[in-house]
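All chains, full assembly: derive it from the sequences and hints.
In my numbering, each residue carries its 1-based index in the sequence shown increased by 319.
Hints may be right or wrong, so weigh each one.
[To be verified] Cβ-Cβ distance ranges computed for the label pairs, FRET-style:
{"no.": "1", "residue 1": "327", "residue 2": "364", "range": "26 to 34 Å"}
{"no.": "2", "residue 1": "391", "residue 2": "332", "range": "44 to 52 Å"}
{"no.": "3", "residue 1": "396", "residue 2": "345", "range": "43 to 51 Å"}
{"no.": "4", "residue 1": "362", "residue 2": "389", "range": "15 to 23 Å"}
{"no.": "5", "residue 1": "393", "residue 2": "357", "range": "27 to 35 Å"}
{"no.": "6", "residue 1": "393", "residue 2": "359", "range": "27 to 35 Å"}
{"no.": "7", "residue 1": "324", "residue 2": "396", "range": "20 to 28 Å"}
{"no.": "8", "residue 1": "329", "residue 2": "350", "range": "29 to 37 Å"}
{"no.": "9", "residue 1": "388", "residue 2": "341", "range": "22 to 30 Å"}
Calculated directly from the structure, the hints in this document are not laboratory data. If you're wondering where the values come from, they're calculated on a predicted model, not measured in any experiment. We put the beta carbon where it would ideally sit given N, CA and C, even for glycine.
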Amino acid sequence: MFKGIHPIFWIGILLMYGFSVIFWIWEIASDVGTIHTKIFGIPAPWVYGNFFMLFILSLFISWMYYYFPAKNAVKRKED
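Printed below as a string of structure tokens:
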């Protein structure tokens, strides 16, 4: 079933769900709730949920999904 899936896929899954679990634990452990926690004056869930997870992490993972398989293809052509 998982044969043929590039290992970078699993790294991307680990990054996405790893950060999700870290932020989830932070929300549980927070005394006042994360909606009242501010990062540079912006509510924390917006910063890590919308900006970091949806924008920065998604762009980084999509770059990884393109860059590393393309790099391996070039390496295979050279051999």
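inquiry  = Holds or violated: the 27 to 35 Å window for the beta-carbon distance between residue 393 and residue 357?
reply    = Violated, since residue 393 and residue 357 (Cβ atoms, about 46 Å apart) do not stay within the stated range.
27 to 35 Å as the expected CB spacing between residue 359 and residue 393, which holds or is violated = violated, 41 Å
ask   = Between residue 327 and residue 364, does the beta-carbon spacing fit 26 to 34 Å?
value = Once the Cβ atoms are compared, 29 Å apart, the range 26 to 34 Å for residue 364 and residue 327 holds.
request  = Can you let me know if the beta-carbon spacing of residue 396 and residue 345 is within 43 to 51 Å?
outcome  = holds, 45 Å
inquiry  = A range of 22 to 30 Å was offered for this pair. Does it hold for the Cβ distance of residue 388 and residue 341?
reply    = About 27 Å separates the Cβ atoms of residue 388 and residue 341, which means 22 to 30 Å holds.
inquiry  = Does the beta carbon distance between residue 329 and residue 350 stay inside 29 to 37 Å, or does it fall outside?
reply    = About 35 Å separates the Cβ atoms of residue 329 and residue 350, which means 29 to 37 Å holds.
key: 20 to 28 Å as the expected CB spacing between residue 396 and residue 324, which holds or is violated   = Given range 20 to 28 Å: holds, Cβ gap about 22 Å.
ask   = Is it true that the C-beta distance of residue 391 to residue 332 lies inside 44 to 52 Å, as the hint says?
value = violated, 19 Å
key: Range agreement (Cβ of residue 389 with Cβ of residue 362, hint 15 to 23 Å)   = violated, 38 Å
Going down the numbered hints, you'll see the structure goes against 2, 4, 5, 6, while the others check out.
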